[in-house]
Structures are given as C-alpha cells and as structure tokens.
Amino acid sequence: MKLWSRTRSALRNLLWKNRAESELESELRAYVDLVADEKIANGTSRAEARRTALAEFGGMEQVKQTVRDQRAGTRFDIIARDIRYALRQLLRNPGFTVTVVATLALSIGANTAIFSIVNALAIKNLPYPHPERMGTVFERVTGPDPNDERRWIDGTEWEQLRDNVPSLISAITGGVSGGVNLEAGPHVQYTLGGRVSAHYFDVLGLHPALGRSFNEEEDLPGGPKAVVLSYNLWKTIFSADRNLIGQTIHLKREPYSVIGVLPQGAITPLNADLYTALQPSRSGEGTGTNYEVIVRLRDGANWQQADGELKRAWAARAKQIESRDPGTKVEYYLMPFQKGVTSVLRPRAYALMLASGFILLIACANLAGLTLVRMVRRTPEVATRLALGASRWQVQRQLWIENLLLAGIGGLAGVAVGFAALRALLSLLPKDYLPVDSVPLDLPVLAFTFVLSTLTSILFGMLPTLTVRKVDLRSSIASRALAGGAHVGLRQALIAGEVALTVVLLAGAGLLVRSLIHLETLPPGFNANGVMTAKASLDDARYRDPAAFRHLIENSVAAMQQIPGVKSAAVGLTLPFERALNGGVMLHDGPQSGKWVGADMVYATPGYFETLQMPLIAGRTFTAADGPNTQAVAVINLSFAHKFFPGMNPVGLTVDKGLLVVGVVSDVQLSSGMNRVAPLQSEETLYFPAAQMNAQSLSVHVWFQPSWIVRTAAPVDGLTELMQRALAGIDPALPFSGFYRMSDLEAETLATQRIQVALLGTMAGLALLLSAIGIFALVANMVAQRTREIGIRMALGSTIRQAMIQIAAVGLRASVVGLVTGLALSAAALRVMRSLLYGVGVYDATTIAVVVAMLLLIITAATMLPTLRIASIDPATTLRDE
Amino acid sequence: MTFDTSRRTLVQIVDRSPQVKPKPTNLLQGTLDLLILKALATGALHGLGVSRRIEQITRGTFVVKPGSLFPALHRMEEAGWLESFWGDSENNRRAKFYALTKAGKNQLEVESEQWETIALAMTNALKAT
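Heads up: the sequence lines are chains W and E, in that order. The numbering of the first sequence is the numbering used here, which starts it at 1 and goes up by one. The numbering of the second sequence is the numbering used here, which starts it at 883 and goes up by one.
Derived by calculation from the structure, the hints in this document are not laboratory data. Among the clues, some could well be false.
As the list claims (entries may be wrong) - Derived list of chain E stretches under chain W, where covered just means 3 residues or more per stretch with a C-beta under 8 Å from a C-beta of chain W:
1) 956-963
2) 967-976
As the list claims (entries may be wrong) - What follows is a list of derived Cβ distance ranges for each label pair:
3) W/Gln-62 to E/Lys-984: 31 to 37 Å
4) E/Asp-970 to W/Arg-19: 17 to 23 Å
5) W/Leu-91 to E/Thr-943: 52 to 58 Å
6) W/Arg-19 to E/Lys-984: 23 to 29 Å
7) E/Lys-984 to W/Trp-400: 38 to 44 Å
8) E/Thr-1005 to W/Glu-381: 40 to 46 Å
9) W/Gln-62 to E/Glu-972: 47 to 53 Å
10) W/Leu-91 to E/Ala-985: 43 to 49 Å
Please read these numbers as outputs of a predicted model, since none were measured by experiment. Glycine is no exception: its CB is placed at the ideal position from the N, C-alpha and C atoms.
The task is simple: from the sequences and hints, build the whole structure.
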C-alpha cells in the first residue's frame, strides 16, 4: 500500500511536475491568506496582516524546497542530473573514455568468446541423459613403456566385459563411421554408417522415435540384417515415411530391414546417417583391438563396484601383457565419458584458458592504472567542489555514478563484442570440428569477466575518492602538479606485471606458430599440387570377391586416364595426410628376422606412386604384371627400410614369408594412428599391389574407403563430373563421397594446430595492444602532470632531449622489468605447452629473440610517442600559466 | 548533517534532514506525525487548521511552523496515510484539506500505542532514584 502510494506519487511528481508545483503554490498562498484573515478578524489592518503573515511564514521558497525534497521521486531528478554531468565529463575526455570502454569490451568480450569455445572443446555438457553415469575404459601401463589412455578392445575382452561386469550396460562400436552405399529408388547414395552393438542406444540413453533398437539376436555374427536410421536420413531420403519400419532397404547391395528411426536432433559420438549391428566376435576384426567401448552405470550400481568387476573380468588379459613385457604393470579402470573423450583436447584447452586468464589480468591492470590516474588528476576539481559547498556525499555520489556509467557502457560493449567474437571464431573453425552442435556464449564466464573487469575499474576509480577526506583544500587547488605523484610507483608495478604476462603469451603463441610452420614445411614426400581425390565405399556385397574388385579398379582407372588433360590416375586404400591401416608382418630377413612388427599397410594400383609423384629410391614400383597369380610383391618406404633393414639393400629381401620387396619409396606425411607423437609424421609403411588383395584382406573396406586419385597438368573443366562418369561407366551404382583437392587434405589435418595458432595469436596480440596502451597512458600522463616542471627545467637550460629521456625512463624502466620477469615466468609457464609443440622445444632461442625484439619495439614506441609532446612545451607559456 | 538550533523548534530541525528515513520508531519525527494524525482524527482540516488544532490539543506547547508542517503533510500523503482535496474554508477561501485514510487511522493507533509505551518508560526512568 505504502509502496504503491509512493510509486504513484513519484510518477505523478515526475510526469506532472508543473501541476504539482502550481498546486503547492496555491496551497501555501491559501495558508498565508488564512493566517492574514485571522489577523484581520483580530483587528489588524489588511496590509499589516498580510505582511506579518508572510513574515511569520518564514520564506516561501525555502518551505517549497523543503516540500520538494520530501517528494517521492526527487532522487531520480538528482540522479538524472548526475548522469548528465557524468556523461559530459566522459565526453570531455574522449581518449580516456574510449580506452577504458575498449579495454573493458575486449577483455570481457574476447575472453568470454574464447572461453566458450574452450568449454565446448572440453564438452561441458554431453547431450545425453545423466552423462555423469556414462564412462569409457582406460588402460594404465606402468613400467618401462608407460602409457595411460583410452583402451580399444578385441572380441575376447568384449565378451568378458559384456558377460562379467553386471554393474554396467556396455556397448562397443566400430570406432568411426564408414561410407555405406544406400540404394534409394533409382539412385545410390554415399552415406555414413555406424556399426554398433546391441545396447549402444541404451548406453547413450536414446530411444528410437519410431520402432526399436537392435536386439541381441541381430547383434550375433550372421544374425538378421537390420538398420536404424537417423532422423535426417529418414526425412530426406525416405520422406519421413512412418510405414518404413519393418520394410526392407538395400545397403551395400544387401537387404536390411528397417527396425527404427532415431529421434530428431539425436546425437551419437559416431554421428552417422544410419546404424547397423556390429555383430562382434572373437574372429575377424575381433582378433584385434578394433572395438571402442562406451558404458553406462546401471541403476543402483556405483563406479567402485564396476571398477572391481572390470579388473576381475580382465585380470587374465592384464597378466598376459605383464608376462609378455616383464616389469610392466597393467591396470584397467573406468573413466567418466566426458573426461575420457576429451583427454586429448585437455592440454590444449588448459593452455588457452591460462592465456585467457592472463588477458583478463592484463586488462584489469590497465583499467586500474587508467582509472586511478584519472581520479587522481581530478583531485583539484573535487577540492574545488568541496570548497564551493558540495557535501562529501554529493561529490562521492557523482564519482560513483561516473564510474558505474563507464563500467556499464564498457560492460555492454563487452557483451556485444563477445557475441561478435564468438561468431567470428566459430566461422574460423572447420565444420564438425567441435563435438557439439552449437556453442552458446558461456553465461557464467560472461558474468565472471563482466563483474571482475567492471569491479576493477570501479574500485580503482573510487580509490582516490574514498580517501577524499584527506584532501587539503588549499594545497589541492593551488598545486596541480602535486596530485598523483605518489601513485607512479603503483602504476609502474602494474605496467611491469602486464608486460610480464604479455611476454608469456607472446612466447606461447610464438612456439605454436613455430610448430605450425614446422608441420607445414615438413617435406610431404610427394607432390600434392594438381591431384584430385574422391572416395567410394567398397563395403559392398559385390566387391567382396577379389576378381570383381580388380575389374572395378582396373577399368575405372583406365577410364579416368582417358579423360583429356589427365596425366595419370590410380586407386589407393589411403592417401598421404590420412590415417593408414595399422597392420603387422613377420620379418623374414634382416636383423629382426622372425619378429612380428607393426607397419602401415596400403594397397595401390600401378600408377599410385607416379600420380602422387612419390620419389622411387630403389627397385621398381608396381606394374600391371603384378597380378593375383604372380609373385606376391611389396614396396616399402624409407622408414621401413631404415628400421628393419638397416644398411641393407631391401630390394630382393622378403618380409612375411614369400612377400618379396621390389622397391623402396620415400616417406610421406601421415596422420598417424600407430604411435601418435605429432599430427603429421611418417611411419613404416608397406605397399601392396591392389590386384594381389585376397578376399580376406578386402574386409578392410569396412573401415576404409579407397581413394581414386587423378593428376592433371593444368586445371581441367568439369574434372569431377568426368571422374564420376568414368566410374559410372564401369559401375553406375557406385557413388563417390565427394571430391577433395589433395592440398585441402593437408589443411584439414592441421586444422587443430591452425586454430590454436589463431586463438593464441589473437590473445597475444590483444595482450600486446593492452600493454602498449598501458605504457602509453602512463608516460602520456607523466608528461601532462609534469609540464610545468619540464618548463622550468627547460627555462633553466635543460634540453628537450634530456627532458624526453627523463620522462620516458619511467615507462621504460617498468617495461624492461616486466620483460625480464616475463622471460623468467615463461620458463615455468610454457612447460604446460610441451605436448602441443612439434619440431620446437619449450626453450626456443628464435622465438625468445623474436618476442624480445617485438616487445622492445612496442615498448619504445609506446614510451617515446607521448614524450614527443615535450618538444612543443614552451617554457614561457608554461610558467605564465600558473 | 548540521544542526542549526538557533531559530527553529525541535520538530522543525528533524524535518530538515532528508537522509533520516521516516521510521515509526524515530521518536522526534514520530512526534510531529503523531500530532498531525491525532489532529486529523476528528475530521478533515486544511494546513492552518492542522496547525491550530495541534496548538489547541497540546495547549500551546507545540507551534508547528509551515516549514515543518507542509513537508510533513506531503510526506504523509505520499505515504498513503492522508488524502487531500480542495475545498472551501470557513471564510470561503479555497484551501487544500487533509483527511485520514484507512491506513492513516491504523497508523494513528500504532503510533499512539508506541508513544504511550515510550512515554511510560521515560516517565518511570526519570522518576527512578
């Protein structure tokens, strides 16, 4: 009631100010008249009565003002006046205002955007119900060859996990989605198929929108062929036909019955268009560790229970490894899914978060310095206002409003920059790079950076006013030069801190740039220019027969060679820059004879090495004569030769009993699968003639889709259509997945590194900019404050040069201290980045030299530029000015 | 806050201070409010009427000057205790009249009780030996 009444009055007072005023006027007039009437009634004369009534009233205007001050809403009036005044103040100092607002905007906006992406990289929120109950299996190996990573399992381990760990619902997948040819009407479509075990969707907590998921019978080897469709595929290819459930569609040229459709927007780690049953077993792919595990804790069970069961279930396996490699200890344990899948990304995320924190600190130091100085410079103004009768509260309120206004504007700009920066950063990322659909601006982080930055600017802005009590009016007004002298030390410390953090960021970004340059300038071992590639899925019933496979690739390659402008064409299982099939062979010759060794395996048609222009080191490459009924041959790469046949001529030696080495080719850069030490590296590789593949080895097409490659001397118009037509001439029902230039493949492989460089580079640039602003502001302020002193010195014979050096020294000293501190800090901080660096050490002389040179340049510029104003100081004017 | 005690009565001084929020427990401020509420308890009055009525019921102890009276009337109206209307005075002058609202009547009861408690306590305290 009271609140409502006051609000109503406040509104009325604000909106109808004039009416309230005239009413007040009439009311008070009436009072005076009534008093006068009384006096007249008591016998006083009319004029006298009126005069005394007015006199007794005691000042019409004062009474009115007292009433006005009582009115609800008066405060709004005062605050509005203060805000207008504050805005005028801010506009009068555009340099300061713009700098503070820009610093706030960048620190809040850029940081929040970067943090949002880092959070998405670490997949804060998995898109599944109760993600905390999902997990995956890790293997910790201690001993001579320690290791701690996600464990892929074989068929035996799978059966033990499935049958002997009752606390978990377990599922496995084939790891990655592979190309699958889907017949839809007259067309055949290249789709991505995921192979999953029976309870996969239960583990993810997904329930098909239509139909059901796989039952256990369908997951048995040789079980009924069934398929679950993604919502999008169901909608685009099958026009959302609800009667599709139970019907037969053709995949890989085989009939599959549709048993379910996933709900709209459902996401799985495989992200496939359709899902078939994995049908895992101990044989075939189940003999190797080719299954990826994902588990969910059953209701009522806990992780300790599940861990214990897992250790018991796989005890025999652990023993086996421990006895094979003496001194090793193997432990299996469950890892929360979110942590498990992001274990590779985490060091990157941490490095970026650290950098983000640095930026925030630098920005805060800058804000502190800027606002501190501004308020100190305003001490005379404050003193003047106090002297003119303003109360301390009035002065403080004014400053509070000014600081809040500044922080508010900066904060809003920060939010805007945050949205823009996030959008810009996301557009830099390659498609499907992030494991989530969309990245919203992280609100808690936004709130945190917002509060921290604005608080800093308000705090340091208010610091001098909180001590305003001590202001001695006379001295403050009289001696402008005195103000703020004591704060120079604090500002120098802030600048030194900023520069130190900037050094760390610059050095970090520098190391990443060096890594990227190293990776990009690695000799690729082939010529990527002018090569067009396309994949097709041969996981197809018709191509399990080696003769059909040979017919397809030989004729399609021949057809592509006929395309005008094509120099050569070939087919290979995998290409450089891609991940290759990890296999193994028994060495027959060489010092390690009889040992089973791992190597990448690639089948290739005769033109493969020529098309990629991989230099032949020794022997020969494949020819059309290497057929199914001739001597089994292989070409090895240099790494293989050096590792297993050191100092020998490999040509003519045999590996794997009866497999004759006929040639040696140079190494190419691969995206490794075996011993991942860098995003690009070369590995021991064996090449086989595609024509000598037997039926069993063709099963590799479940995982890999071979590539058709074509080299042209010059760009050929419509090359991709001509390639598709050449393939269709042999098999009209075999679609290509899409066409890629070989050079684009490299860019894709290094996308992660490129993004890191972009993100950290941006942050380092931001830090540099902020530091430069800080140094510049410090020195410029010194110049402004000491203009009079400099004038006197110059009048007494000091040169401009001396004056400039003297002032600049204040900034230089702080910056150099920061530079040295920063170098020391880098030595410690940059160790975090060790796992992100390739071909460059943490202590890299070149990087350090470049960073130091760059900073010295910026520091010098930022300190010297403001001192140029000294040259324009005229001693005579300055002295008269006082 | 500056106290200028030379010219004004106690009641006026308190009303000069806008920082002091009106609280029912504020003894001095409450005094004027209570007197105004009491003055209006018998019916609507204009400003001078309130002033004269207070003079009358306190037997001349308190003379409320316009500088205290009008701010208090306006504040109490905005608080919802009083309502105002324009009417004619006994000698046909147009004047603004104030009357108690329902909330005002309640407030009078509450403040009367409080005052009695305080007055009793103070009397006892001062009589104590």
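query = Is 23 to 29 Å a correct range for the gap between the Cβ atoms of W/Arg-19 and E/Lys-984?
reply = Cβ of W/Arg-19 to Cβ of E/Lys-984: about 26 Å, so the range 23 to 29 Å holds.
Coverage of the stretch 967-976 of chain E by chain W (three or more Cβ within 8 Å) = This one holds; 4 residues, not fewer than the three required, reach chain W with a Cβ under 8 Å.
ask   = Falls inside 52 to 58 Å, the C-beta gap from W/Leu-91 to E/Thr-943?
value = This hint holds: roughly 57 Å between Cβ atoms.
inquiry  = If I claimed the Cβ atoms of W/Leu-91 and E/Ala-985 lie 43 to 49 Å apart, would that claim hold in this structure?
reply    = holds, 46 Å
inquiry  = For the hint 38 to 44 Å, verify it against the beta carbon of E/Lys-984 and that of W/Trp-400.
reply    = Since the Cβ atoms of E/Lys-984 and W/Trp-400 sit about 40 Å apart, the hinted range of 38 to 44 Å holds.
query = Measuring from beta carbon to beta carbon, are E/Thr-1005 and W/Glu-381 in 40 to 46 Å?
reply = violated, 54 Å
query = Do the beta carbons of W/Gln-62 and E/Lys-984 sit within 31 to 37 Å of each other?
reply = Because 33 Å falls inside the window, the suggested range holds.
query = Holds or violated: 17 to 23 Å for the Cβ distance of E/Asp-970 and W/Arg-19?
reply = holds, 21 Å
inquiry  = Is the coverage entry for the stretch 956-963 of chain E by chain W consistent with the three-residue Cβ rule at 8 Å?
reply    = This one holds; 6 residues, not fewer than the three required, reach chain W with a Cβ under 8 Å.
ask   = Does the Cβ-Cβ separation between W/Gln-62 and E/Glu-972 fall within 47 to 53 Å?
value = violated, 28 Å
Figure legend: structure checked against the earlier numbered hints; hints not met, in rising order: 8 and 9.
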